[in-house]
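*Asks:* Now for the letters of each chain:
Protein chains: 2
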Amino acid sequence: MNPQNGYDIEDMAAGMSAEIAKTITEADIVLFAGVSSDVNAIHMDDEYARTTMFGGRIAHGMLTASLLSSVLGNRLPGPGVVYMSQSLRFRAPVRPGDTVHARVTIKEVNVGKCRVVLDTVCTVGDKVVIDGEAVVMPTSREKREAASK
Amino acid sequence: MNPQNGYDIEDMAAGMSAEIAKTITEADIVLFAGVSSDVNAIHMDDEYARTTMFGGRIAHGMLTASLLSSVLGNRLPGPGVVYMSQSLRFRAPVRPGDTVHARVTIKEVNVGKCRVVLDTVCTVGDKVVIDGEAVVMPTSREKREAASK
Chain A
58 MNPQNGYDIE
68 DMAAGMSAEI
78 AKTITEADIV
88 LFAGVSSDVN
98 AIHMDDEYAR
108 TTMFGGRIAH
118 GMLTASLLSS
128 VLGNRLPGPG
138 VVYMSQSLRF
148 RAPVRPGDTV
158 HARVTIKEVN
168 VGKCRVVLDT
178 VCTVGDKVVI
188 DGEAVVMPTS
198 REKREAASK
Chain B
58 MNPQNGYDIE
68 DMAAGMSAEI
78 AKTITEADIV
88 LFAGVSSDVN
98 AIHMDDEYAR
108 TTMFGGRIAH
118 GMLTASLLSS
128 VLGNRLPGPG
138 VVYMSQSLRF
148 RAPVRPGDTV
158 HARVTIKEVN
168 VGKCRVVLDT
178 VCTVGDKVVI
188 DGEAVVMPTS
198 REKREAASK
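If you're matching them up, the sequences are chains A and B in order.
Each residue of the first sequence is one higher than the last, beginning at 58 in my numbering.
Each residue of the second sequence is one higher than the last, beginning at 58 in my numbering.
Just so you know, not all the hints are guaranteed correct.
Because identical chains cannot be distinguished in the list, a pair is counted as satisfied if it fits within a single copy or across any two copies.
[Said to hold, decoys possible] Listed next, the in silico SDA-like pairs over lysine to any residue satisfying Cα-Cα at most 20 Å (straight line):
1. Lys200 with Asn62
2. Lys164 with Ser144
3. Lys164 with Gly113
4. Lys170 with Tyr105
5. Lys170 with Ala203
6. Lys206 with Thr82
Bear in mind the hints are in silico, worked out from the structure with no lab data behind them.
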């Protein structure tokens, strides 16, 4: 572990996994609209949203995706990690009141390149709402020790 | 255009482009931390952040990425669009006070499958901070007219 309690790449192996869960509330949707400037009616206007294929308002897909960033930055690898890339497939809507579980699972560890590839999945109950893959650059104990010599 | 002033797929062609710009403020970072639950010190703790390769606090990458969702949902294609997928490469940090320009440009229109592929880029000044690709399902005038017969 690094001094901020994040995993060094030397601590990581394929199959390791971490999760956070969060209930997506009305407040989250309103605040996310302000932060992102995304005020699309599908998120803001229930009368309109009821006329669409979704049958009611849904959370911004990127709001749900932001929980993946949270689990990467706070659990695995945790503090010190640098986010390199993320792919996202939006598979199903998330509605106000839904509890999203965001889980990351290590697929590949490349110590030489200091890169880790993780499967990233958000679920509501049994349903996958987002899946995709992240690539991150964790801290390295070896590099830290070399730098302090 | 559809009744919500979004583009139907029949209105769209490769090369069409749209942009939004937003200044990323301290308030955005604090609110995004609450919404995403991502309270990583690199976003919240300037004393710590100054000791890192970034030299100070940076905005959440997904905060910047959320502007891409905004331009897709509010400008091109705009209301009525369904977000299918997004890839993101985080190329450079965004700092409090930076103004991000989020631009989407149509690469491919597939009317048969009702899918549009767009290049998606966020810049601060001349620097690309995020690039990637989105796939969306716009509304279709042809389908709407067929359904109303």
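*Asks:* Is it within a copy, between copies, both, or neither that the alpha carbon of Lys164 lies no farther than 20 Å from that of Ser144?
*Replies:* This pair counts as both: shortest intra-copy Cα distance 14 Å, inter-copy 18 Å.
*Asks:* At 20 Å max between alpha carbons, let me know whether Lys170 reaches Ala203 within a copy, between copies, both or neither.
*Replies:* Classified as within: same-chain Cα gap 16 Å, cross-chain 54 Å, threshold 20 Å.
*Asks:* Is it within, between, both or neither when you check Lys206 against Thr82 at 20 Å Cα-Cα?
*Replies:* So Lys206 and Thr82 fail the 20 Å test inside a copy (49 Å) and across (39 Å) alike.
*Asks:* Is the C-alpha distance from Lys164 to Gly113 at most 20 Å within one copy, between copies, in both cases, or in neither?
*Replies:* neither (36 Å within a copy, 31 Å between copies)
*Asks:* Up to 20 Å between alpha-carbons, please classify Lys170 paired with Tyr105: within, between, both or neither.
*Replies:* Neither: 49 Å inside a chain and 25 Å across chains, both beyond 20 Å.
*Asks:* At most 20 Å between alpha carbons: which applies to Lys200 and Asn62, within, between, both or neither?
*Replies:* Only inside one copy: Lys200 and Asn62 sit 16 Å apart there, 54 Å across copies, limit 20 Å.
Of the numbered hints given earlier, the model fails hints 3, 4 and 6; all others are met.
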